[in-house]
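Asks: Using the sequences plus the hints, can you model the full thing?
Order-wise, the sequence lines are chains C and A.
Residue numbers for the first sequence follow this note's numbering, beginning at 349 and rising by one.
Residue numbers for the second sequence follow this note's numbering, beginning at 8 and rising by one.
In short, the hints are calculated from the structure, not lab data.
Note that the coordinates shown come from a computational prediction; the quantities given were computed from them, not determined experimentally.
Using N, Cα and C, we set each Cβ at its ideal position, and we do this for glycine too.
Some hints here could point you the wrong way.
As the list claims (entries may be wrong) - Calculated lysine-lysine pairs in the DSBU-like style (CA-CA distance at most 35 Å, straight line):
| hint | chain 1 | residue 1 | chain 2 | residue 2 |
| --- | --- | --- | --- | --- |
| 1 | C | Lys618 | A | Lys148 |
| 2 | C | Lys514 | C | Lys390 |
| 3 | A | Lys148 | C | Lys418 |
| 4 | A | Lys164 | C | Lys618 |
| 5 | C | Lys628 | A | Lys184 |
| 6 | A | Lys166 | A | Lys148 |
| 7 | A | Lys148 | C | Lys406 |
| 8 | C | Lys514 | A | Lys184 |
| 9 | A | Lys102 | C | Lys618 |
| 10 | A | Lys166 | C | Lys495 |
| 11 | A | Lys98 | C | Lys495 |
As the list claims (entries may be wrong) - Chain A side only, calculated, beta carbon under 10 Å to chain C, not exhaustive:
| hint | residue |
| --- | --- |
| 12 | Gly137 |
| 13 | Gly145 |
| 14 | Gly147 |
| 15 | Cys157 |
As the list claims (entries may be wrong) - Selected chain A positions facing chain C (in silico; Cβ < 10 Å):
| hint | residue |
| --- | --- |
| 16 | Trp131 |
| 17 | Thr140 |
| 18 | Phe143 |
| 19 | Lys184 |
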Amino acid sequence: MSNKNYTRREFIRNLSVTALAGLSLPLLSSCSREEAEDFLQKHFLEMTEEEKERVIAKLEQRYLEQYGRKFQISTQEALPETLWGYGLELSRCVGCRRCVYACANENNTSRYARQLHWIRVLRLKRGNLINLEDSEHYYAPETVPEKGFIYLPVQCQHCQNPPCVKACPIHATWQEPDGIVVVDYNWCIGCRYCIAACPYKGRVFNWAEPNLPKDEVNPNVHYLGNRPRMKCAVEKCTFCIQRVRAGRYPACVEACPTGARKFGNLLDPKSEIRYIIERKRVFRLREDLNTESRFYYFFES
Amino acid sequence: MTLKSLRMRTTLSALAIILLTISTFSSLAVGAGQEFPVPPPPFTEGIFPCSNCHASMEVNRKKRELKEEHTKIRMHHAETMRWCLDCHDAKNRDKLRLYNGELVNFTESHRLCGECHGNLYRDWRAGIHGKRTGYFMGTGKRTYLLCAHCHDPHEPKFKLIVPEPPPFRPTDRRNVK
Numbered sequence: 349m350s351n352k353n354y355t356r357r358e359f360i361r362n363l364s365v366t367a368l369a370g371l372s373l374p375l376l377s378s379c380s381r382e383e384a385e386d387f388l389q390k391h392f393l394e395m396t397e398e399e400k401e402r403v404i405a406k407l408e409q410r411y412l413e414q415y416g417r418k419f420q421i422s423t424q425e426a427l428p429e430t431l432w433g434y435g436l437e438l439s440r441c442v443g444c445r446r447c448v449y450a451c452a453n454e455n456n457t458s459r460y461a462r463q464l465h466w467i468r469v470l471r472l473k474r475g476n477l478i479n480l481e482d483s484e485h486y487y488a489p490e491t492v493p494e495k496g497f498i499y500l501p502v503q504c505q506h507c508q509n510p511p512c513v514k515a516c517p518i519h520a521t522w523q524e525p526d527g528i529v530v531v532d533y534n535w536c537i538g539c540r541y542c543i544a545a546c547p548y549k550g551r552v553f554n555w556a557e558p559n560l561p562k563d564e565v566n567p568n569v570h571y572l573g574n575r576p577r578m579k580c581a582v583e584k585c586t587f588c589i590q591r592v593r594a595g596r597y598p599a600c601v602e603a604c605p606t607g608a609r610k611f612g613n614l615l616d617p618k619s620e621i622r623y624i625i626e627r628k629r630v631f632r633l634r635e636d637l638n639t640e641s642r643f644y645y646f647f648e649s
Numbered sequence: 008m009t010l011k012s013l014r015m016r017t018t019l020s021a022l023a024i025i026l027l028t029i030s031t032f033s034s035l036a037v038g039a040g041q042e043f044p045v046p047p048p049p050f051t052e053g054i055f056p057c058s059n060c061h062a063s064m065e066v067n068r069k070k071r072e073l074k075e076e077h078t079k080i081r082m083h084h085a086e087t088m089r090w091c092l093d094c095h096d097a098k099n100r101d102k103l104r105l106y107n108g109e110l111v112n113f114t115e116s117h118r119l120c121g122e123c124h125g126n127l128y129r130d131w132r133a134g135i136h137g138k139r140t141g142y143f144m145g146t147g148k149r150t151y152l153l154c155a156h157c158h159d160p161h162e163p164k165f166k167l168i169v170p171e172p173p174p175f176r177p178t179d180r181r182n183v184k
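Replies: Here it is as C-alpha cells:
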C-alpha cells in the first residue's frame, strides 16, 4: 500500500487551513491522552502482524477495564474465492424488527443517547415500492404484518461501487476482497462525508460515547466489525464479518422468524444467494445510481 | 383396495394439480433424514410419544368433532377434503403417513408437506423457503427448520406476530443525554 492513501493528519491540517475545520473539531477538541495515542496509530491495512497484535492487546485491555469482560478480537482476513451476497425475500418479511435488535445485540451498537441501529425496517404502502421517500420506520401496530403494507429492511448494501468509500477523504473505509465494506474506527475522523454519500442511509454516527451496558456486551468481535466503537466513529452493517468469515450466518439471518433473509457466497454455485439470483425475480435498490449493490431483494416465483 | 383408501383417492383428486409435482421428488425418499438435520419437532410438552395413549385405544376413523382430547386443534388446511388420518397413521400414531402409505417420523414431516407443496419444498431444501441456521459453510453444524416450526400443520397460515419496538426518534428523551 502506498502511503499516499493514508495521510490522515495531513488531510486534517489542510482542512483547518481551508477553514472547513469545524467538521473535524468534535474529535480534536475532546481528545484525551488515550484518544491521542489511538490517533497516532497506523491505518489497519498498513500494520504489520506484530503491530496488529499490539493494538489488539491494547484494545483487549481497554475493553476489559471498560466492560469487565475478556474480549476475543479477531483480525481474520477475507477467505479466498469469496464474494458475499445477501438476499431478502420481500414477500415474506413481516416487519417484526427481530433483525434490528439481533443486529444491535450482536454488533455492540449504542443502546440509548443515542440509540444506533444498523438495520432500518421501512414500511411502505403496497404498490408503492419505488417511492422510498414515502416510507416510515417508526410504525408500531399491535401485530404485524398489517394489511396494505409491505416492509423493506435496509442496511449497508455492500456495493461493488461504494459511493461512501469514494467520499472518504482519508481511506478510513474500504472494500475488503470478499466485498465487505468496512471502517477502521480508529482511522475515521468523523467527517461524515460517507454518511452523506450513501444513498441507502446505511451508515450511522456516534455523536457521543456509545452507551453499551456491560451485561449486554458481545465479547466475540472483529477489529473491522463489532468491536465497541467510540465517539465520532462512523459505523454500519458489516454482514457480521466476525461470523461470516467463520462460516456462520449473520445474526439477522438467524433471527428472522419468517426465513426472509438469506446469505451466501456469490462465487459458489451451490450457495443460497446463487439459487435466488438464478431462479427468483431479484432487484437491487437504486440500481440507477450504479452502486452495484450486493444486496438482492426478491419476490416469490 | 379398501373402501377407505378408495374414498381418499377421490377426495384427494381435487388436489391433483398440486400433486402433479410429487414425481419430481421421488429421488428424495432415501436418506432424507441425514440430509436434512432438524431441531426437535415443536410438540406440546408431554404429548409425544402419542402411543402412550393411542396404543391402547380403538381406532375411530370417523370424521368428527373431537371432544375428549386435542380439542384445541382446528383444521384450516384444505379441511373439507381431508381428515386427521390422511396425515397421521391410524395404527402407529407416532408416525406420519405419506400418500403412498410410507410411514415417516415427525423429524421428517417436511416430506409430507412436500407431497402437496412441491415448489416450496424445492426451495426449502435449497434453504430458500423457511430457514437454515448455524454454519452455512465449513464443518460446523447446519440445521433446517421444519415446516411445522413455522406453520401449524392443522392451521398453517403464518400467524401474526408482535413487532419489536420502533427505534427512538431523534427527539426521544432516551436519545438525548
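Asks: If a hint holds in the structure, say so; if it doesn't, say that too.
Replies: Results of checking the hints against the structure:
| no. | hint | result |
| --- | --- | --- |
| 1 | C:Lys618 <-> A:Lys148 | holds (17 Å) |
| 2 | C:Lys514 <-> C:Lys390 | holds (20 Å) |
| 3 | A:Lys148 <-> C:Lys418 | holds (26 Å) |
| 4 | A:Lys164 <-> C:Lys618 | holds (30 Å) |
| 5 | C:Lys628 <-> A:Lys184 | violated (46 Å) |
| 6 | A:Lys166 <-> A:Lys148 | holds (29 Å) |
| 7 | A:Lys148 <-> C:Lys406 | holds (34 Å) |
| 8 | C:Lys514 <-> A:Lys184 | holds (33 Å) |
| 9 | A:Lys102 <-> C:Lys618 | holds (33 Å) |
| 10 | A:Lys166 <-> C:Lys495 | holds (13 Å) |
| 11 | A:Lys98 <-> C:Lys495 | violated (43 Å) |
| 12 | Gly137 | holds (5 Å) |
| 13 | Gly145 | holds (4 Å) |
| 14 | Gly147 | holds (6 Å) |
| 15 | Cys157 | holds (7 Å) |
| 16 | Trp131 | holds (9 Å) |
| 17 | Thr140 | holds (5 Å) |
| 18 | Phe143 | holds (6 Å) |
| 19 | Lys184 | holds (5 Å) |
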